[in-house]
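S.K.: Residue-level listing of the chains:
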Amino acid sequence: KAGVTQTPRYLIKTRGQQVTLSCSPISGHRSVSWYQQTPGQGLQFLFEYFSETQRNKGNFPGRFSGRQFSNSRSEMNVSTLELGDSALYLCASSISGGSSYEQYFGPGTRLTVT
Amino acid sequence: AQRVTQPEKLLSVFKGAPVELKCNYSYSGSPELFWYVQYSRQRLQLLLRHISRESIKGFTADLNKGETSFHLKKPFAQEEDSAMYYCARYNAGNMLTFGGGTRLMVKP
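Chain order of the listed sequences is A and B.
Start counting the first sequence at 1; every next residue gets the next number (our numbering).
Start counting the second sequence at 1; every next residue gets the next number (our numbering).
It should be emphasised that the hints constitute simulated quantities derived from the structure, not laboratory data.
Any given hint could turn out to be false.
DMTMM-like cross-link-like pairs, simulated, lysine to aspartate or glutamate; straight-line CA separation at most 25 Å [to be verified]:
1. B:15 with B:81
2. B:57 with A:102
3. B:15 with B:67
4. B:15 with B:32
5. B:65 with B:79
6. B:65 with A:82
7. A:13 with A:82
8. B:22 with A:52
9. B:107 with B:67
10. A:57 with B:62
11. B:73 with A:102
12. A:57 with A:82
13. B:65 with B:8
14. B:9 with B:62
What the simulated footprint calls covered on chain B by chain A, stretch by stretch (three residues with Cβ under 8 Å from a Cβ of chain A suffice, anywhere in the stretch; the number is not a length) [what the hints assert, rightly or not]:
15. 71 to 85
16. 90 to 96
From the three backbone atoms N, C-alpha and C, an ideal C-beta is built for every residue, glycine too.
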């Protein structure tokens with residue numbers, strides 16, 4: 001079974017631009033979560049989507065948004081990029097919500113904002 | 001907000017020595033806790049969860065509600081155990097709250 005894939009793997013953007021990251025979950029998984037990983041703040045939850053609906057959102061500004069498509073693929077968008085948005089963005093998929101379902105992580109997209 | 005604390009950023013041991021990676025959580029009800037591991041150049045993956053009470057790769061973790069801890073232990077460390085280890089707590093809405101991580105280095 002193919003794992004979670006994320007595209008692109010690396011991205012360099014300029015302050016003020018916007019960016020879209022993509023995540024393809026494992027086949028059959030309907031829940032997709034996004035995390036931001038930085039050296040200073042560690043791994044922080046951004047949001048979670050299930051069946052095209054955002055079910056939960058972390059403590060991030062409105063510049064961070066996402067969506068999920070009918071095939072469970074998910075995208076996250078960051079508008080008006082700031083230097084502090086430089087991070088590794090991870091997505092994780094699981095069959096459904098609930099702690100009994102393992103979350104499988106993708107390799108991440110490394111975003112650098114200059 | 002739920003908190004997960006890993007007090008050690010780096011833990012260095014010799015091969016064959018016992019290992020204990022510490023994890024403490026803020027008390028609230030019945031926590032559901034996990035250990036995730038990230039080996040060099042690999043993705044983050046689940047190592048074990050407290051509810052399953054199993055041993056994975058020789059690692060075990062016991063939930064101590066009195067001390068609000070979920071320390072990860074292995075009696076004899078191997079070089080291949082060198083990795084980043086994250087303690088995480090499950091929250092409603094399929095959200096994981098992670099600790100800051102501990103880098104384990106096992107020296108030959």
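S.K.: List, from low to high, the hint numbers that the structure doesn't satisfy.
M.R.: Numbers 3, 4, 5, 6, 8, 9, 10 and 15 - these are the hints that the structure violates, sorted from lowest upward.
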